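So the protein sequences, as listed, match chains L and U. Note that my numbering has the first sequence beginning at 162, numbered continuously upward. Note that my numbering has the second sequence beginning at 112, numbered continuously upward.
By construction, these hints were calculated from the structure, which means they are not laboratory data. All values reported here derive from a predicted model rather than from experimental measurement. Incorrect hints may have been included.
Between beta-carbon pairs, the in silico distance windows are [stated by the list, open to error]:
(1) U/224 - L/336: 54 to 62 Å
(2) U/199 - L/213: 39 to 47 Å
(3) U/217 - L/228: 19 to 27 Å
Only pairs whose alpha carbons sit at most 25 Å apart, straight line, appear in this in silico DSS-like list of lysine-lysine [unchecked claim]:
(4) U/175 - U/345
(5) L/226 - L/339
(6) U/175 - U/361
(7) L/229 - U/278
(8) L/233 - L/187
(9) U/345 - L/281
(10) L/233 - U/278
(11) L/339 - L/187
(12) L/266 - L/281
The beta carbon of each residue, even a glycine, is placed where N, CA and C say it ideally should be.
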Amino acid sequence: MLALDRVGKTYPNGVRALDGVTLAIKPGEILAIVGGSGCGKSTLLRAVSGLDRPTQGQVTLDNEKIEKPHEKIGIIFQEPRLLPWLTVADNVGFGLHDRPSSERKERVARALERVGMPEKAGAWPRELSGGQAQRVAIARALVPRPEVLLLDEPFSALDAFTRADLQDHLLKLWSDLKPTLVLVTHDVDEAVVLADRILVMRPRPGRVFEEIEADLPRPRDRQSAAFDFVKRRVLAALDRSLDRTVSVNEGQEKAETGAAMWW
Amino acid sequence: MSIATPTDDVPVRAPRSAWSRWTRPVLGLILPIGLAVAWEFAVRAGFSNGRLVPPPSVIFATFKELWQSGELQKHAFATSMRVAAGFGVGVVSGTVFGAITGYSALTRRLIDPSLQALRAIPSIAWVPLFILWFGIYEASKIILISVGVFFPVYLGVMGAIRSVDRKLVEVGRAFRLSPLAMVRRILLPAVLPAYVISLRTGLGLGWMFVVAAELLGASEGLGYLLIDGQQLGKPAQIVAAIVAFAIIGKITDWIIVLATAPLLRWEDTSARTEGN
Numbered sequence: 162m163l164a165l166d167r168v169g170k171t172y173p174n175g176v177r178a179l180d181g182v183t184l185a186i187k188p189g190e191i192l193a194i195v196g197g198s199g200c201g202k203s204t205l206l207r208a209v210s211g212l213d214r215p216t217q218g219q220v221t222l223d224n225e226k227i228e229k230p231h232e233k234i235g236i237i238f239q240e241p242r243l244l245p246w247l248t249v250a251d252n253v254g255f256g257l258h259d260r261p262s263s264e265r266k267e268r269v270a271r272a273l274e275r276v277g278m279p280e281k282a283g284a285w286p287r288e289l290s291g292g293q294a295q296r297v298a299i300a301r302a303l304v305p306r307p308e309v310l311l312l313d314e315p316f317s318a319l320d321a322f323t324r325a326d327l328q329d330h331l332l333k334l335w336s337d338l339k340p341t342l343v344l345v346t347h348d349v350d351e352a353v354v355l356a357d358r359i360l361v362m363r364p365r366p367g368r369v370f371e372e373i374e375a376d377l378p379r380p381r382d383r384q385s386a387a388f389d390f391v392k393r394r395v396l397a398a399l400d401r402s403l404d405r406t407v408s409v410n411e412g413q414e415k416a417e418t419g420a421a422m423w424w
Numbered sequence: 112m113s114i115a116t117p118t119d120d121v122p123v124r125a126p127r128s129a130w131s132r133w134t135r136p137v138l139g140l141i142l143p144i145g146l147a148v149a150w151e152f153a154v155r156a157g158f159s160n161g162r163l164v165p166p167p168s169v170i171f172a173t174f175k176e177l178w179q180s181g182e183l184q185k186h187a188f189a190t191s192m193r194v195a196a197g198f199g200v201g202v203v204s205g206t207v208f209g210a211i212t213g214y215s216a217l218t219r220r221l222i223d224p225s226l227q228a229l230r231a232i233p234s235i236a237w238v239p240l241f242i243l244w245f246g247i248y249e250a251s252k253i254i255l256i257s258v259g260v261f262f263p264v265y266l267g268v269m270g271a272i273r274s275v276d277r278k279l280v281e282v283g284r285a286f287r288l289s290p291l292a293m294v295r296r297i298l299l300p301a302v303l304p305a306y307v308i309s310l311r312t313g314l315g316l317g318w319m320f321v322v323a324a325e326l327l328g329a330s331e332g333l334g335y336l337l338i339d340g341q342q343l344g345k346p347a348q349i350v351a352a353i354v355a356f357a358i359i360g361k362i363t364d365w366i367i368v369l370a371t372a373p374l375l376r377w378e379d380t381s382a383r384t385e386g387n
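Bound-form chain U, shown alone (with noise of 0.2 Å):
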């Protein structure tokens, strides 16, 4: 019986997995496709004037007269630069200071409570004081983007750093690794799965910071067309704004799955794919 078992499971799983391989996304398309189309058919047929609530045709229509005139290239520039410009610096910064508390104890114990108070203050609530020290213009714009990447980096390569697995730095040990070595061959490819969750969070809170920032003025950017769109009553253009957003913030963080995954693919594929 349990030879025969492993066996007998190959072929009943292999079916299973191609089937909920694709149907588990189509299943979770059904719900937004349906309320879009019962929402176009709705407007078409008269039962609502579409005005507050554009019907998709409405807004695939300013999303492509944006495109068309170029300005939505404009602002999502804008807005790509100031994420990376924050994205940058907060994963240095949060990459060094992780480093650091989690290699050694004692620096843990002097910085990890202070930056563990700050991470507290609900960073929104800098942007007063950004702006009195960096001016209005981009540099307090990319700092408060920086802010919101550094935590989740700095958390991540401290808990990753320190739950490396003690036995494997032994074998390093018996194998005579130089310090260097031994970050080299032992400490980061261990961190490095925990390494890259962190960049993702991180770079999904620099989109989130990024709004915020240019919410509270800019004269470009995604967010200066939220701004705008409110401002002048154009709906469609701040759903279109906000697709935007969703499709730049969906490629940034498939650019980091994709630039990781060869290094990456000692892992285990179900452990991955729940990853994902």
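Just chain L, same shape as in the assembly (with noise of 0.2 Å):
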């Protein structure tokens, strides 16, 4: 169980990013969390990941607290950030450096078999398109088998074919091992396809304004009905959470107003 008590996060230049985030995630469950820009998505994965401390209350994975990154959390970042230097299988056994190099070998083939590129284990990553990039780095993520598998925007720099395709050997994957999966993202789509739960969080400071319940049945169709009214309900929740802001400090805010300017 991955639970957050609290937590808040106050920059040294005094900008609360993060204010009173309580969550308990359950193991397995896929979470999304959507917001407007500002809002401290990324900031709270960074904390759950252990790579920025917040700096009010805690992240407990299994009643321990997480202050450094953990051996069962990984992480894929909004690029890929392959190591250039490094064959894509050898990048895909970064974290099993410590294990025997025959089990290294059988997960990383077995690894890239399951993103479907066994036939790049040898290729540098330059030589991939930016899917089979991004492809690579969820393979180097799940490899350590993580019970937690945070996800910053992981898609957002890829055109929506590609995007699609991802999210579709994404679920494949998870459901080999079925880590907990938290995945920041600014496409609604995205989220109502792939998670459970959907947290609507509003800016300034950042906060968890609304939690939505997709218990659609998987896979999901993204034509069907009841997929359309979840994903009505998340962009409700976006407006009415910047309309709150946009009354706050209104003079600001003008630009931003609008429901296709919430992001």
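Using the supplied hints, reconstruct the complex from the two chains, each of which is provided in its own coordinate frame.
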């Protein structure tokens, strides 16, 4: 169980990026976090990953306090961040360096198989397309078998077709080991396709605004009425989260008004 | 259209790169070879006696003569040893200082301004002081060469470490690398391309400074051949020594490139050919 207890983050310049976020995420749950810019969704993810420390409250995984990167928590960034001097196979095996090489080889081969690019094992990262590189990054994060996988807008730099393809790949990989997924995204469709629960955040300071359950059967049909219904609820919640900001400090926020501008 | 474009490009691009691979060096050779041939004919035809500017055949004969007598090897060896020693000292000290100033902002603020001030001094200006301090023999020469090698290596290492992609360092943190593993698995490979370039620049300056050191007084070395040729009025010997410098300099540079090539295979090939 991944738990956040009144997690807050105030930067040294006084900006309160995150304030009093309390959450409990069940093992195997897929949680999506959406919200306008500056609502602290990336700050929240970095606090959970242990890369940054919250200034208030605490993050715990199975009652163990997370203060630095933890072996049970993997992270996928917005960019693939592959190491350009390692082959695709060595990148995937980056987190397995303490294992015997036969085991490492076998697990890397299986992971590359699962992301559908076994023939790329010996390729250099520069030879991959953006979608392929992000698939390698997903394999790299999953190979050490984390209990929690964090994704920070992982597909936002990709075109719509590649994005849908990678979402399917991610679900397929998730179903192997069922890790907890925490996904930050600004793509509402993506949130509804993937998540069991969608968290809408509001900015200044960043906090949870609304929680929306998305208990649709998998695989999810993006054209179905139920899908559309959940999507509308999320969009409405986003609009409301923004409207309130506008009324709070009207002068500065005029340019951001309108449903289309929430990100 | 967009699907057809890459396949269209392949047959067009391949012959073009093969063409340029062979013709580009050849184009560069036309001017020097043409001038040499023209000068050879001018001297043979009696337009010039070629005494101050010896024709290629005389230079080649002098080169051969120096080689056969063993003079050339002896002097080239003496010079190469000085460069090797100075290069070694310069690279080690440049790497150490570059690493500590690149790694920590505090040491950079402490040390870098002084080193930058020293760098602003034309290195030849040190010669009289080095001779007073270290004598007229090998020590002062090697120290002068290492000063020349030090600065490009120092600047290269410091800059390379400071510009390591923080996002890749974060990947190392996310995988819980120890500080030592972080250096070995992230920082070293990341700085290697820039380091190789700074080594090559440093080596070039090492060859430059060995000439300066030898011109100022040496009983052997290619620089001695230069001075000897000047004092005895043997321009062919001077040119032969210059040619020897060019050949050895290119070979040593090539050794660095060859030795590091296996470590840099991951780099974009186009970027690497531009580096050459």
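Whether the CB-CB distance between residue 217 of chain U and residue 228 of chain L falls inside 19 to 27 Å
25 Å, holds
Would the pair residue 266 of chain L and residue 281 of chain L pass a check requiring their Cα atoms to be no farther apart than 25 Å?
14 Å, holds
Does residue 278 of chain U sit within 25 Å of residue 229 of chain L, going by the straight-line distance between their CA atoms?
17 Å, holds
Straight-line Cα separation of residue 175 of chain U and residue 361 of chain U no greater than 25 Å?
20 Å, holds
Would the hint linking residue 175 of chain U and residue 345 of chain U be met if the CA-CA limit is 25 Å?
15 Å, holds
For the hint 54 to 62 Å, verify it against the beta carbon of residue 224 of chain U and that of residue 336 of chain L.
The hint (54 to 62 Å, Cβ to Cβ) holds, given that residue 224 of chain U and residue 336 of chain L are roughly 59 Å apart.
Compare the distance between the alpha carbons of residue 233 of chain L and residue 187 of chain L with 25 Å, and conclude whether the hinted pair is satisfied.
15 Å, holds
Compare the distance between the alpha carbons of residue 233 of chain L and residue 278 of chain U with 25 Å, and conclude whether the hinted pair is satisfied.
21 Å, holds
Could you say whether the range 39 to 47 Å given as a hint is met by the Cβ separation of residue 199 of chain U and residue 213 of chain L?
43 Å, holds
If you draw a straight line from the CA of residue 345 of chain U to the CA of residue 281 of chain L, is it 25 Å or shorter?
62 Å, violated
Straight-line Cα separation of residue 339 of chain L and residue 187 of chain L no greater than 25 Å?
11 Å, holds
Assess, step by step, whether the Cα of residue 226 of chain L is no farther than 25 Å from the Cα of residue 339 of chain L, and give holds or violated.
22 Å, holds
Going through the hint list in order, the structure does not satisfy hint 9, though it satisfies all others.
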